[in-house]
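**Student:** Sequence:
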Amino acid sequence: MASKRRLNYAELAYEDVVCPICLSILIEPVTMPCWHSLCRSCFTLHVQETSLECPLCRMRISVWVRRNSKTNSIVNNRLWTAIKENFPAKVEARLQGREDSDEEEYAGFEPKVCAPGEIKQEYEALVQQEIREQASRKSQEEELSNQLIQQLQEEERCKLRHHKQTEERLCKEDEILAKKIKEAEDTVLQEKLRHLRMVCGNDEEVARQIEVRDYSQTALT
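All residue numbers for the sequence shown refer to our numbering, where the first residue is 1 and numbers rise by one.
Think of the hints as simulated: they come from the structure by calculation, not from any bench. Don't take each hint at face value.
[Said to hold, decoys possible] Listed below are the simulated SDA-like cross-link pairs for lysine to any residue, each with C-alpha atoms no more than 20 Å apart in a straight line: (1) Lys179 with Leu189; (2) Lys164 with Asp174; (3) Lys164 with Leu152; (4) Lys138 with Leu148; (5) Lys182 with Leu170; (6) Lys172 with His162; (7) Lys192 with Ile181; (8) Lys172 with Ala184; (9) Lys172 with Leu160; (10) Lys138 with Gln121; (11) Lys84 with Glu28; (12) Lys180 with Gln190; (13) Lys84 with Pro20; (14) Lys70 with Glu53; (15) Lys84 with Lys182; (16) Lys179 with Gln190; (17) Lys164 with Gln153.
Take these sequences, add in the hints, and give me the full structure.
**Tutor:** Written as structure tokens, this is what we have:
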């Protein structure tokens with residue numbers, strides 16, 4: 001059965017190329033990072049579309065699956081070529097949907113039976129893993145939420161600063177304008193006073209001249 005070890009493709013034994021899921025010869029084998037191999041169809045059904053972990057050793061392979069799916073390099077082409085070269089009849093029979101009746105080659109295979117309590121331990125491990133993943137997701141969500149809150153608060157502070165600066169600028173402009181208006185009004189007032197003094201001065205001079213003339217006329221009579 002396909003085992004967790006590197007294979008010598010030039011000296012393949014039949015037990016090295018049997019899928020541990022369907023117990024048939026590997027078709028388009030997928031060799032995972034843990035070196036366990038499955039048929040591509042078994043890999044898709046039991047790993048890629050479900051748990052994203054090796055069904056034999058439980059190694060997580062989600063990153064490996066995403067990376068190799070993008071590059072279409074899931075199938076171990078070297079192993080697949082070696083299998084077709086070493087076991088052409090069995091490959092042909094499997095591809096045509098015929099059952100392999102050679103029971104001697106399966107004599108050494110023993111079904112994997114779970115040890116007492118193994119399923120419970122595996123279930124509890126999965127539960128704990130899910131709890132950890134949920135806690136991690138919650139922590140990430142809280143961190144993102146805090147970052148968003150801080151960003152919104154900073155934007156609000158920037159708006160307040162800008163509003164305050166605008167108000168201060170408008171106040172200063174109003175003060176400058178009021179000062180200019182007052183200066184202009186003072187200038188106009190001073191000009192009017194100067195003109196009034198001038199008029200008053202002229203009137204006084206005219207009155208004095210009239211008084212002198214009247215006095216002169218009175219003296220002559």
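**Student:** Now look at each hint and say whether the structure bears it out.
**Tutor:** Going down the list of hints, with the structure as the test:
| no. | hint | in the structure |
| --- | --- | --- |
| 1 | Lys179 with Leu189 | holds (15 Å) |
| 2 | Lys164 with Asp174 | holds (15 Å) |
| 3 | Lys164 with Leu152 | holds (18 Å) |
| 4 | Lys138 with Leu148 | holds (15 Å) |
| 5 | Lys182 with Leu170 | holds (18 Å) |
| 6 | Lys172 with His162 | holds (15 Å) |
| 7 | Lys192 with Ile181 | holds (16 Å) |
| 8 | Lys172 with Ala184 | holds (18 Å) |
| 9 | Lys172 with Leu160 | holds (18 Å) |
| 10 | Lys138 with Gln121 | violated (25 Å) |
| 11 | Lys84 with Glu28 | holds (10 Å) |
| 12 | Lys180 with Gln190 | holds (15 Å) |
| 13 | Lys84 with Pro20 | holds (18 Å) |
| 14 | Lys70 with Glu53 | holds (18 Å) |
| 15 | Lys84 with Lys182 | violated (103 Å) |
| 16 | Lys179 with Gln190 | holds (16 Å) |
| 17 | Lys164 with Gln153 | holds (16 Å) |
Hint compliance for this structure: hints 10 and 15 are broken, all remaining hints hold.
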